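> If you read the protein sequences in the order shown, they are chains A and B. Just add 17 to the spot in the first sequence (first one is 1) and you have our numbering. Just add 145 to the spot in the second sequence (first one is 1) and you have our numbering.
Some hints could be false.
Just a sample of chain A residues kept apart from chain B, beta carbon distances all over 12 Å, derived [stated by the list, open to error]:
| # | residue |
| --- | --- |
| 1 | S58 |
| 2 | F62 |
| 3 | Y63 |
| 4 | V70 |
| 5 | I132 |
| 6 | D146 |
| 7 | K157 |
| 8 | P213 |
| 9 | L220 |
| 10 | L276 |
Pairs of lysine-lysine, DSSO-like flavour, derived with a Cα cap of 30 Å [to be verified]:
| # | chain 1 | residue 1 | chain 2 | residue 2 |
| --- | --- | --- | --- | --- |
| 11 | A | K109 | B | K308 |
| 12 | B | K413 | A | K26 |
| 13 | B | K188 | A | K29 |
| 14 | A | K26 | B | K236 |
| 15 | B | K308 | A | K242 |
| 16 | B | K367 | A | K29 |
| 17 | A | K109 | B | K274 |
| 18 | B | K413 | A | K107 |
| 19 | A | K57 | B | K367 |
| 20 | B | K236 | A | K190 |
| 21 | A | K109 | A | K190 |
| 22 | B | K274 | A | K29 |
Derived list of chain A stretches under chain B, where covered just means 3 residues or more per stretch with a C-beta under 8 Å from a C-beta of chain B [claimed, not checked]:
| # | segment |
| --- | --- |
| 23 | 179-191 |
| 24 | 235-247 |
| 25 | 264-274 |
| 26 | 283-290 |
It is worth saying that the hints were derived from the structure and are not from the lab. Nothing here was measured: the structure is a model prediction, and the numbers come from that model. For glycine and all other residues, C-beta sits at the position ideal for the given N, C-alpha and C.
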Amino acid sequence: MNEAQKGGKVTKIVLITISVLFVLLMLVLPLISVLANSLKSGLSFYKEALSTVYVSSAFKVTILATVVAVLVNTFFGLVASWLLTKYTFKGKQVLATLIDIPFSISPVIAGLAFIMTFGRMGWAAPIIDSINEALGTDIKIVFALPGVCLATIFVTFPFVSRELIPVLNAQGKDEEEAAALMGAKGFTIFKKITFPHIKWALLYGIILCTARALGEFGAVNALSKTRGETFTLPLEIDALYLAGSADSITASFAVSSLLVIIAIIVLIFRNIFEHGSKEKEEQHKSAH
Amino acid sequence: MRKGKRVIPGFGLTFGITIAMLSILILIPLASVLVYAFRLSPKEFWETVTTPAVLYAFGTSILCSLIAAIINSVFGVILAWVLVRYNFPGKRILDGLIELPFALPTAVAGITLSKMYSTTGEIGEPLSKLGIRISYTHIGLTIALIFIGIPFVVRAIQPVLEKLDSQYEEASFILGGNRRQTFFKVILPELRPSLITGFGLAFARGIGEYGSVIYISGNSQKEHTQVVSYVIMQKLNYMDYSGATSIALILLIVSFLLLLLINIVQVKQSRRTNNV
């Protein structure tokens, strides 16, 4: 072994050690810490902490907001990614950037945006009022469930389209064009040709969107004020933690552990998905 | 074929749906913030954004995010390098764990880090014996921002490093460059656009971050550990909508400029790779 190779080996070991230590200290330790804290007062306390009225209400609100957000964003993601990859038009890059806006702005601003639209000061408040008057309903957006859903949709908006666009770009549009020239209708083309290519990316996008929707905090915090009614799980975690007693802090970690388990499942799925698609790529390459 | 003629049907429909949903769910609500902000008198706006508490919050958010993004750039390059270039047991698990901050709810990360680094926590207790306090200081705040930002940098660099042609390195070695020279003079310049992208994304995310930092920061006005998002939320809770909107406008402008910068870098990068 020559000098350079020996040096390379030392560098390799040093760099791997730094990486592993960084990930252990910064990422793995917090994960273990949540689980350890949640079981600090025993299993029966854990079960009790998860079965309060507040937690079950928060659970229902979270599921509702997540289902709505995932449905809306999956539909949007399919349509937008098709639009951005199958056609050429002016302003395409601008449109792609606009769709990514929710990634780069503070979730608190997302909450503020809906307050300024539908809240007391908002320009849309009179419209909602007149709808309520005409129909005799009592629809509220801000500080109510519709606001929670809107905030969740906002922060997870680009998740599905973002997973689909690279896959569709890689696939190209030759197959769709051929099908269209042979007389296939738009939806048939999508179902028979495009969908088989994107089903895994779509599933992964949906899972990522679900995870993010379940955990959204800042935007929902601005729009939800009633514990036991419009609180989601992260807001319930916040309320328990800020209550400050040792028991309530342990309870807040117990509720957190539910979300941690979901996060771990997402990571495992991602790993399998990525590994699978890489293998497929390599097979593809060697076949040529 | 005539220019502009589209073979695949459905352009009008998908264009309409995309624009409508984007407008109703994202653009119009954001525009409401802008419209409200521009209706404020310049004096009122200026007085809100120049109060010491707000200025300190911006200083704290920007400075801590900057430091966190710089630290993440260093570790991000190392992690990406290790994940792309080396093979070792547990590599897939390490690769998967990078994404944890994306999947973990910010509030959960926030309370956990705050507890861990407090004077009774796993890491905070031994450090407090040495006289180092982390939770409720700027150090704690920066640690939370490192946690949140690391995947942005690693995931920006990884694909570029995977595609990097090893011929450049070989050429550098043959021409007599040592490993350090090869890394700093040949590889790093190639990674620069993606490093700037990852840095920018982590920085932008950090400036607006809320859930993961508000517990560990302690939100003390006296010790200047309030972040911008916290101040906006505080103003919302006091129904001070003009105050909240004024600060949000500045934050939006900062985010927008960062997004613009990242996009310019990305466009340049794709031009360069397409020319090769």
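> Decide, hint by hint, whether the structure agrees.
Results for each hint:
1. Its beta-carbon lying about 14 Å from the closest one in chain B, S58(A) satisfies the requirement of being farther than 12 Å from that chain.
2. The non-interface label for F62(A) is consistent with chain B: the shortest C-beta to C-beta separation is roughly 17 Å, beyond 12 Å.
3. For Y63(A), the requirement that its beta carbon stay farther than 12 Å from each beta carbon of chain B is met, with the minimum near 16 Å.
4. The claim that V70(A) is not at the interface with chain B holds, since no C-beta of that chain comes within 12 Å of its own (minimum 20 Å).
5. Not every Cβ of chain B is farther than 12 Å from the Cβ of I132(A); the closest lies at roughly 7 Å, contradicting the non-interface assignment.
6. Chain B leaves D146(A) outside its interface by the beta-carbon criterion, the shortest separation being 16 Å against a cut-off of 12 Å.
7. Non-interface status of K157(A) relative to chain B is upheld: no Cβ of that chain comes within 12 Å, the nearest being about 16 Å off.
8. Non-interface status of P213(A) relative to chain B is upheld: no Cβ of that chain comes within 12 Å, the nearest being about 17 Å off.
9. Non-interface call for L220(A) relative to chain B: holds, since the shortest CB-CB distance, roughly 15 Å, exceeds 12 Å.
10. Remark: the non-interface label on L276(A) conflicts with the geometry, its nearest Cβ contact in chain B lying 5 Å away (cut-off 12 Å).
11. Of the pairs offered as hints, the one joining K109(A) and K308(B) holds, with about 26 Å between alpha carbons and a cut-off of 30 Å not exceeded.
12. Simply put, K413(B) and K26(A) have alpha-carbon atoms about 36 Å apart, too far for the 30 Å limit, and the pair is violated.
13. Our distance criterion of 30 Å between C-alpha atoms is broken by K188(B) and K29(A), whose separation comes to about 59 Å.
14. Of the supplied pair hints, the one linking K26(A) and K236(B) holds, its CA atoms being roughly 17 Å apart against a limit of 30 Å.
15. Our distance criterion of 30 Å between C-alpha atoms is broken by K308(B) and K242(A), whose separation comes to about 49 Å.
16. This hinted pair does not check out: K367(B) and K29(A) have alpha carbons roughly 46 Å apart, beyond 30 Å.
17. For the suggested pair K109(A) and K274(B), the alpha carbons sit about 57 Å apart, so the restraint of at most 30 Å is broken.
18. At roughly 19 Å between alpha-carbon atoms, K413(B) and K107(A) fall within 30 Å of each other, so this suggested pair holds.
19. Annotation: proposed proximity of K57(A) to K367(B) is violated, straight-line Cα distance about 34 Å (limit 30 Å).
20. Taken as a hint, the K236(B) and K190(A) pair is broken in the structure, with Cα atoms around 35 Å apart against an allowance of 30 Å.
21. For a cut-off of 30 Å, the pair hint linking K109(A) to K190(A) stands: about 16 Å separates their Cα positions.
22. The suggested pairing of K274(B) with K29(A) is violated, with an alpha-carbon distance near 35 Å, which exceeds 30 Å.
23. Here the segment 179-191 of chain A counts 1 residues with a CB under 8 Å from a CB of chain B, which misses the bar of 3, and the coverage is violated.
24. Counting residues of the segment 235-247 of chain A whose C-beta sits closer than 8 Å to any C-beta of chain B gives 3, which meets the bar of three, so the coverage hint holds.
25. Figure legend: the segment 264-274 of chain A, annotated as covered by chain B; annotation consistent (4 residues with Cβ-Cβ distances under 8 Å, at least 3 required).
26. Three residues within the 8 Å Cβ limit are the bar, and the segment 283-290 of chain A against chain B gives 5, so the coverage statement holds.
In this structure, the earlier hints numbered 5, 10, 12, 13, 15, 16, 17, 19, 20, 22 and 23 are contradicted, and the remaining ones agree with it.
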